[in-house]
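S.K.: Sequences are here, hints too, so could you generate the full structure?
There are 4 protein chains.
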Amino acid sequence: MNFCSDNVTGVAPEIMQALVAANQGAAMPYGDDTLTQALSHKFQDIFGTNLTMFPVATGSAANALALSVLTPSYGAVYCHPSAHINVDECGAPELFTGGAKLVLVPGEEGKITPENLTQVLESAGAGVVHHVQPAVLSITQATEAGTIYQLEEIQALSKIAKTHNLYVHMDGARFANALVSLGCSPAAMTWQAGVDVLSFGATKNGAMAAEAVLFFNQKLSKTFPFHRKRGGHLFSKMRFLSAQLVAYLEDDLWLKNARHANQMATRLGQGLQGLPGVKILLSVEANEIFVEFAPAILQALQSAGFKFYIFDGKQLVRLVTAFNTLPSDVEKFIKVAIAAS
Amino acid sequence: MNFCSDNVTGVAPEIMQALVAANQGAAMPYGDDTLTQALSHKFQDIFGTNLTMFPVATGSAANALALSVLTPSYGAVYCHPSAHINVDECGAPELFTGGAKLVLVPGEEGKITPENLTQVLESAGAGVVHHVQPAVLSITQATEAGTIYQLEEIQALSKIAKTHNLYVHMDGARFANALVSLGCSPAAMTWQAGVDVLSFGATKNGAMAAEAVLFFNQKLSKTFPFHRKRGGHLFSKMRFLSAQLVAYLEDDLWLKNARHANQMATRLGQGLQGLPGVKILLSVEANEIFVEFAPAILQALQSAGFKFYIFDGKQLVRLVTAFNTLPSDVEKFIKVAIAAS
Amino acid sequence: MNFCSDNVTGVAPEIMQALVAANQGAAMPYGDDTLTQALSHKFQDIFGTNLTMFPVATGSAANALALSVLTPSYGAVYCHPSAHINVDECGAPELFTGGAKLVLVPGEEGKITPENLTQVLESAGAGVVHHVQPAVLSITQATEAGTIYQLEEIQALSKIAKTHNLYVHMDGARFANALVSLGCSPAAMTWQAGVDVLSFGATKNGAMAAEAVLFFNQKLSKTFPFHRKRGGHLFSKMRFLSAQLVAYLEDDLWLKNARHANQMATRLGQGLQGLPGVKILLSVEANEIFVEFAPAILQALQSAGFKFYIFDGKQLVRLVTAFNTLPSDVEKFIKVAIAAS
Amino acid sequence: MNFCSDNVTGVAPEIMQALVAANQGAAMPYGDDTLTQALSHKFQDIFGTNLTMFPVATGSAANALALSVLTPSYGAVYCHPSAHINVDECGAPELFTGGAKLVLVPGEEGKITPENLTQVLESAGAGVVHHVQPAVLSITQATEAGTIYQLEEIQALSKIAKTHNLYVHMDGARFANALVSLGCSPAAMTWQAGVDVLSFGATKNGAMAAEAVLFFNQKLSKTFPFHRKRGGHLFSKMRFLSAQLVAYLEDDLWLKNARHANQMATRLGQGLQGLPGVKILLSVEANEIFVEFAPAILQALQSAGFKFYIFDGKQLVRLVTAFNTLPSDVEKFIKVAIAAS
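Chains A, B, C and D are the protein sequences, given in the same order. Per our numbering, the very first residue in the first sequence carries number 2; after that it's consecutive. Per our numbering, the very first residue in the second sequence carries number 2; after that it's consecutive. Per our numbering, the very first residue in the third sequence carries number 2; after that it's consecutive. Per our numbering, the very first residue in the fourth sequence carries number 2; after that it's consecutive.
Derived by calculation from the structure, the hints in this document are not laboratory data. Fair warning: this is a prediction, and the values are worked out from it, not measured in the lab. Built from N, CA and C at the ideal position, the CB exists for glycine as well. Don't take every hint at face value.
Said to hold, decoys possible - With beta-carbon atoms standing in for the labels, derived distance ranges:
| hint | chain 1 | residue 1 | chain 2 | residue 2 | range |
| --- | --- | --- | --- | --- | --- |
| 1 | D | LYS333 | B | GLY128 | 53 to 61 angstroms |
| 2 | C | MET2 | B | GLY128 | 50 to 58 angstroms |
| 3 | B | SER124 | C | LEU317 | 56 to 64 angstroms |
| 4 | D | LEU327 | C | SER284 | 56 to 64 angstroms |
What the hints assert, rightly or not - List time: in silico DSSO-like cross-link candidates among lysine-lysine, alpha-carbon distance up to 30 angstroms:
| hint | chain 1 | residue 1 | chain 2 | residue 2 |
| --- | --- | --- | --- | --- |
| 5 | B | LYS220 | B | LYS280 |
| 6 | A | LYS43 | B | LYS308 |
| 7 | D | LYS43 | A | LYS220 |
| 8 | D | LYS43 | C | LYS308 |
| 9 | A | LYS160 | A | LYS223 |
M.R.: Dropping the structure here:
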């Protein structure tokens with residue numbers, strides 16, 4: 002009954018079991034353990050390429066630490082105004098980069114457009130000492146608006162970025178939701194499309210607290226360990242981060258979880274679509290829906306015990322589904338909305 | 002058989018059970034959950050005072066975030082040369098404080114002496130614009146040398162610190178080991194002795210990854226939440242940090258674990274004391290022993306499968322015991338040493 | 002013949018004389034000299050209030066250091082997209098504030114509108130840990146577009162800022178040009194209108210390299226000296242900064258210089274107004290004009306030896322007049338434009 | 002009569018004349034002027050090598066900006082405990098490097114010894130993620146103790162530094178005083194001895210406010226312009242910094258000035274040597290003397306109108322001579338001391 006966020010959920014049972022299983026005997030700390038090694042191989046298999054990976058515990062840490070090695074302190078990071086790094090991390094990127102600037106590139110439905118990116122970069126003043134220097138493009142997949150960049154869109158943005166000597170970072174806090182939505186390979190959505198570094202999310206999709214930073218461009222990863230340690234993000238008992246991620250990737254759990262979350266959102270969207278007093282504002286492509294409800298409907302839903310965030314003190318509601326959202330809760334939600342509309 | 006560190010251990014069974022138990026239903030994120038509330042009350046009970054507490058996942062995070070609200074960027078943090086914040090955090094305090102300076106105050110057996118502190122502070126140049134400004138005293142309890150500050154020592158250092166308008170921070174990564182060694186109350190070892198902020202450690206003593214920053218001086222805590230978030234250290238599924246700490250404090254698990262670890266170290270010390278070719282270098286007061294072994298003994302121990310860190314490419318060995326160190330391993334260790342000596 | 006910027010000019014003769022005169026005997030360093038004391042009194046007289054002032058050498062230093070004491074590292078500074086602090090300081094505010102975020106508030110002709118400011122602040126998320134926290138409003142007077150905020154506009158913006166607990170900073174790199182344009186008192190344009198801290202510019206209006214940060218809200222100034230020193234901006238031979246500023250303020254030199262610069266711009270504007278192939282884009286209110294020239298006119302002006310910056314590889318030209326712009330150069334400029342139009 | 006510091010002096014007449022002379026017509030800003038170009042050539046001539054140079058206004062700026070491109074934020078800068086960067090810059094290096102750590106290497110008379118440097122570096126933990134990473138050796142020539150590194154000492158330290166992959170920075174706030182003391186070439190004391198980057202001082206030896214950062218290792222200079230701008234240290238009217246430095250180097254003014262200052266110190270040392278109640282504490286090798294005076298002598302000197310800094314509330318006095326110290330003042334000083342001893 003809680004549609005506030007995918008972070009209100011607990012831990013997927015397979016992952017909790019893996020934590021229990023990992024708790025056998027001693028293991029050398031800081032990643033010098035067999036689970037972390039296994040995880041590294043797992044990621045390489047899944048992405049079909051050599052890569053360097055670093056488990057961390059939060060999405061903000063993954064993003065900010067990734068950016069810390071991609072931009073100098075006098076650099077510019079280009080992102081969408083709604084990007085998590087811009088809105089929801091209380092300045093973590095600025096802290097970890099030593100004060101780099103996030104430069105905003107707008108676009109509909111949470112997505113940067115190639116036209117806007119080109120325009121911003123062409124007037125960025127690369128090489129001119131008065132201006133922060135173009136360094137990174139950061140895109141979010143799935144976006145904060147619950148939408149998905151198509152492969153051609155990622156490729157187009159990466160191409161522009163490379164032309165202007167930018168690195169490309171992808172914030173994949175909801176990477177799995179995007180992947181199953183597109184139905185493509187992890188490789189296609191990342192390094193084959195020009196992504197250098199990925200913040201690979203798991204927490205929102207069933208982990209307890211586990212993400213990973215993946216460097217497809219491995220030379221960029223050299224100084225990352227020092228930034229991670231310096232940020233207080235190197236876990237001594239690392240095996241318990243790695244155990245979560247191994248279990249997450251095992252037997253396609255991550256894809257299964259994401260598919261379920263997306264299906265629940267799709268069903269919610271279908272059920273609410275066209276109801277009087279209900280307006281779906283953005284395409285439903287992953288596991289989020291943004292809806293405007295008439296006051297009566299809103300009240301009915303809250304009275305029925307449903308929880309969700311309401312933005313701007315208005316009727317704008319965000320509904321987020323998750324790996325363990327009950328189909329019966331979704332059906333009940335729709336039923337209440339219909340009754341009140 | 003692994004005496005490398007208390008961070009090679011797994012998770013205490015009671016804490017693992019608590020994690021499993023916490024995984025029921027949805028919970029609001031970022032600490033707005035019942036377990037986190039319960040933890041706050043628990044800490045207040047145990048320390049016998051009002052306090053504000055913030056769970057985090059690593060000791061470096063606890064220390065660096067605590068310091069981030071105690072010193073301005075142009076401030077000085079006084080600590081022992083061997084302090085974890087000085088040696089083992091790759092500059093985390095400098096990052097989180099915006100570049101404050103750690104000023105080293107020496108002393109035997111890992112402990113700052115009142116004389117040395119006074120001397121350093123009197124020539125610190127408080128108020129003079131050319132110099133970094135005295136801001137914080139940070140002491141480590143138990144110390145990195147495995148020794149313990151007596152209550153009078155903490156009180157004396159705090160008094161000097163207060164006289165010079167410093168805040169007092171305690172790095173308590175091994176807080177429980179120190180507490181049971183002194184046999185005093187948590188209050189006596191902290192706020193009653195002048196400590197303003199405590200990094201309360203649990204990871205080394207049986208948690209998976211959980212520490213807490215405790216503000217006895219509550220007004221200092223106001224901006225902490227922003228620093229924690231900005232550092233990427235605010236966990237969305239906070240209940241799983243809090244669950245660890247609640248279980249850690251429940252039924253005196255933390256004290257029981259620490260007592261066991263200390264006893265194992267004491268027994269090791271007793272067993273090795275006076276053996277030819279064995280030199281115990283520092284007082285054994287908590288769960289660490291620093292020993293010089295003759296080469297033959299060192300080799301015998303390694304051949305028998307014991308693991309430990311050897312410093313300086315020499316015979317200096319650090320042995321760390323933990324909540325789950327087997328008495329039989331300790332006895333075997335002693336036996337091998339005796340046989341080789 | 003050089004209209005590129007008011008920083009291509011040399012030093013006003015009165016100021017150069019003052020430097021020569023200041024070079025007598027020894028003087029205690031770092032501001033402990035009689036000229037710096039005299040300057041402080043001078044500023045208090047001119048602004049008709051108690052204030053604390055700090056000479057520095059560059060406008061970027063003045064702005065960034067002012068901001069360093071007005072916002073925490075997790076704070077937000079609201080400014081116009083064209084603000085010097087946002088565009089032309091290569092991230093100096095981010096460096097000196099420890100990574101605060103500049104949040105952009107748009108408006109026509111280089112000016113933030115009260116409506117836009119209100120809207121941005123109302124969705125800023127004050128008190129919410131995920132978001133950077135509203136801290137400062139920074140306005141530029143005269144603006145980067147060569148326009149002037151009217152007193153009522155400053156008052157209105159300050160009022161909104163105060164309502165949201167923001168401090169108000171004014172970037173007055175061209176303060177004198179704005180002041181003579183409005184014809185009001187320095188007090189009216191600053192502290193009486195709600196400004197807490199002013200970056201008072203002199204370099205562009207005849208000094209060699211001298212600005213001052215003025216705190217009307219004196220309690221905010223307490224930690225400034227440490228930030229200035231730490232930034233490498235505390236001059237040992239401070240008397241030579243102060244000498245420039247004393248001479249600048251003496252006998253209304255600053256107002257005389259600014260009046261001349263503004264008159265030259267006004268004359269340029271009048272002379273170009275309405276010519277075919279000439280389009281004046283923004284109101285001419287201080288000492289800058291933004292003009293679009295037809296290619297033939299542009300070429301004629303350049304052939305005649307006039308220098309100016311052309312933006313965007315197009316025909317958009319910025320003309321800046323200064324304290325020593327020759328009326329004959331202005332007339333010649335107009336003449337060449339007329340001949341080519 | 003003022004022996005407090007070489008920064009209590011005014012400006013050498015040749016340099017003041019050069020400032021007046023530079024004030025002709027317009028000049029493009031930010032270093033795009035003929036004087037700055039001339040200065041670059043001048044430095045290359047004098048140092049006999051290709052180099053990249055950047056004028057700045059203060060010594061702290063020169064040092065901190067130099068370090069900003071020599072170390073990552075997780076780096077260690079090795080310096081003497083008495084180094085200006087450690088003691089007298091209020092944390093400027095920490096600010097500009099993003100929080101690098103100054104690691105102290107002791108030695109007699111203000112000089113790092115090769116033995117101590119080797120020892121510190123061998124236990125520095127290069128490559129180990131828990132520790133800050135060795136990055137820079139910074140030596141001060143002349144030292145803060147008024148002593149001079151011999152060429153072989155610089156070479157030996159540089160060799161150790163290079164062996165450990167450190168860059169070598171020289172703080173040359175009193176570079177000229179050291180140079181004339183050694184009687185060697187600028188090349189011999191810098192790049193030929195392994196120095197990569199030099200903070201070249203002029204302010205203490207007759208300039209108004211002018212220093213330069215010289216990169217002998219030119220590839221290190223690439224990002225320096227952005228750091229300088231971002232630090233608020235890029236002067237718009239750069240020609241007035243360059244004019245000072247050109248005049249300083251012209252006709253060996255810098256060497257002449259330094260020779261005079263050193264001679265005055267030597268004479269003071271000779272005159273005071275052996276007097277009862279006078280103890281000269283450190284070798285007098287440049288333009289500073291550290292003396293302990295008996296109370297009666299101290300009082301006599303102060304009564305006679307001499308000014309100097311007294312350290313530690315004791316009788317420890319620092320006397321600094323300068324380019325314009327009057328020989329008659331020196332003789333009078335000696336006379337008063339003799340009379341009171």
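S.K.: Now, for every hint given, state plainly whether the structure supports it.
M.R.: Evaluated hints:
no.	hint	verdict
1	D:LYS333 x B:GLY128: 53 to 61 angstroms	violated, 34 angstroms
2	C:MET2 x B:GLY128: 50 to 58 angstroms	holds, 52 angstroms
3	B:SER124 x C:LEU317: 56 to 64 angstroms	holds, 59 angstroms
4	D:LEU327 x C:SER284: 56 to 64 angstroms	holds, 59 angstroms
5	B:LYS220 x B:LYS280	violated, 47 angstroms
6	A:LYS43 x B:LYS308	holds, 29 angstroms
7	D:LYS43 x A:LYS220	violated, 40 angstroms
8	D:LYS43 x C:LYS308	holds, 29 angstroms
9	A:LYS160 x A:LYS223	holds, 24 angstroms
Checked against the numbered hints given earlier, the structure breaks hints 1, 5 and 7 and satisfies all the rest.
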